[in-house]
Amino acid sequence: MPGMTMSFVADPELVERLKEIARSDGVSQSQAAARAAALGALLPSAARRNVRLLLAEDGTDVQNRLAVLLSRAVAQVSNEMLQKRLVERSPVDLGPEEAIAEEAVRAVAKYRRAHQEQPALPTQVPVAAPKGA
Amino acid sequence: MELRVILDVNVWVANYLGAVRGRAGTTSQRIADAVFAGHCRLGPIKPLISPAMLDTLQGVLEENGLTGPEAEFARNAVEATTLDADSLHVVLGGGVQPMKDAEDAAILDLALAGRVHLLVTNNIADFRPGPRADIDAHVVRLDRNRKADVVLFRHPSLPEGLVITTSYAAAAWLLDGVRPPSGILTAFCMSASDADEPAA
Chain Z
1 MPGMTMSFVA
11 DPELVERLKE
21 IARSDGVSQS
31 QAAARAAALG
41 ALLPSAARRN
51 VRLLLAEDGT
61 DVQNRLAVLL
71 SRAVAQVSNE
81 MLQKRLVERS
91 PVDLGPEEAI
101 AEEAVRAVAK
111 YRRAHQEQPA
121 LPTQVPVAAP
131 KGA
Chain X
134 MELRVILDVN
144 VWVANYLGAV
154 RGRAGTTSQR
164 IADAVFAGHC
174 RLGPIKPLIS
184 PAMLDTLQGV
194 LEENGLTGPE
204 AEFARNAVEA
214 TTLDADSLHV
224 VLGGGVQPMK
234 DAEDAAILDL
244 ALAGRVHLLV
254 TNNIADFRPG
264 PRADIDAHVV
274 RLDRNRKADV
284 VLFRHPSLPE
294 GLVITTSYAA
304 AAWLLDGVRP
314 PSGILTAFCM
324 SASDADEPAA
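Protein chains in written order, with our numbering: chain Z, 1 to 133; chain X, 134 to 333.
Don't take every hint at face value.
Claimed, not checked - Simulated restraints on C-beta separations:
no.	chain 1	residue 1	chain 2	residue 2	range
1	X	G176	Z	M6	41 to 47 Å
2	Z	A34	X	L275	55 to 61 Å
3	X	R277	Z	L55	54 to 60 Å
4	X	P314	Z	A67	34 to 40 Å
5	Z	T60	X	A305	37 to 43 Å
6	Z	N50	X	T319	36 to 42 Å
7	X	S315	Z	G95	32 to 38 Å
8	X	H172	Z	P91	31 to 37 Å
These aren't lab readings, by the way, just hints derived from the structure by calculation. All values derive from a computational prediction rather than experimental measurement. Each residue gets a CB set at the ideal place from its N, CA and C atoms; glycine is no exception.
Okay, chain X solo, but in the shape it has when bound:
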């Protein structure tokens, strides 16, 4: 089973902004590398991204150290990771989730349409249940600052819910072998454990 993932635009931006700052191997870059490679410790990864997110990515990169052709090249690279026959759906309308930010609402709609398992963001504040996000979600875990860093968004079309988390938590699970909290991405953790078992 493939892990269907959305990287928020700010994670893709941080991937390239890290390079603009002369850095390699930052958390956002490591996650992006795994998405480009198409696999992680939990198995194959299938990324999804909407045309609106791609527009934002290209626009932000143009304003932050990349030339126009470089920003377009980055956009095309990211888009090419998603070119899979059954992921080529466009979410029309969008923004029906009760979120303060219309583009964040559209990301949730994309997650629903694409039956996404995991949304990774550098700005989880936008998705914590509260005034900004009046959504059916509950906090799974708090970070050391007592702020939510793992949120489970529930919706009838997502039987296991959508896990929303930070790039740091996602890197720990997807790349470093740290187990997610109990009840999170369980199916993938089981298959990863099976793969680690020596052959009988």
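Just chain Z, with the same shape it has in the complex:
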């Protein structure tokens, strides 16, 4: 994606965190910084002003709470977006919803059986016989 370069000054703790994110997410440090900035830039001005104060708060309780709530919001919106996309491209199945739940159970059982047949790693617990065996 074409972009522009912007440099900024950050405290060493944030720089370390961005390096860690870049490593774990497999992106460059500048991409990690740009994504984090993009999330903050989504916020309206009143929220941005309070974020500045929250980030300056001593201790991690406040920041942990903020991270939990932001994480939950990202999860909720992600689920809504994916559900909408899946529904839009699928014809409506008018069958009973119990059939969907049963199909989910069968799909999980089939997946587990397929993976239990693979050789167990030494650290794994002994695997029980597959269902229906």
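For this one, chain Z is given, so just place chain X on it according to the hints.
Positioned in the frame of chain Z, the structure of chain X alone reads:
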């Protein structure tokens, strides 16, 4: 007090499989929505899920109508609901409960480690006391087919026990205001009743 909940992988799968079938508002989807929102009629919900369950979820979704990136997106969304400082524990080893299915045993271990109150599943047969599950559990309620749909798993580390039930029963309690059977989730029902009381 938060209601600590595990949704079995088959409930998470049914959440997305419903959408793949063009459906919205199925029971599994309604329960998943409540977990994503973080609250229900009984109060705040705190979900738990293990890395192994997330692996299974992603793998099953990839085989059932979602693309690889969509399955990973779904996995990340579910995982993000559990990112709470004191729920970030990994159950190592696992599977010590005498269950026929190792992954179901690991779910019980996760419930013990996370002091979970409620396990919701679309396949309660796996948790009914019997040959498949030689666990200290008793049947609390039978459904109209005379099969257990509410089971209480007892363990010293869970003072009130772990309630294991179907997605339909859970939706009735968590979303529709139906009271659970006597002695089940009592602390949460009391706090929900208190919240409904008009202020003095």
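Comparing the hints with the structure gives:
1. Taken as a hint, the range 41 to 47 Å holds for the pair G176/X and M6/Z, whose Cβ atoms sit roughly 44 Å apart.
2. Separated by about 57 Å at the C-beta atoms, A34/Z and L275/X satisfy the suggested range of 55 to 61 Å.
3. For R277/X and L55/Z, the hinted distance range of 54 to 60 Å is satisfied, since their beta carbons lie about 55 Å from each other.
4. The hinted range of 34 to 40 Å is satisfied by P314/X and A67/Z, whose Cβ atoms lie roughly 37 Å apart.
5. A C-beta distance of roughly 39 Å is found between T60/Z and A305/X, which places it inside the suggested range of 37 to 43 Å.
6. N50/Z and T319/X have their C-beta atoms about 39 Å apart, which keeps the hinted 36 to 42 Å range intact.
7. One distance hint, 32 to 38 Å for the beta-carbon pair S315/X and G95/Z, holds here, with the actual separation near 35 Å.
8. Distance hint for H172/X and P91/Z: a CB-CB separation of about 33 Å, consistent with the stated range 31 to 37 Å.
Against the hints set out earlier in the document, no violation occurs for any number.
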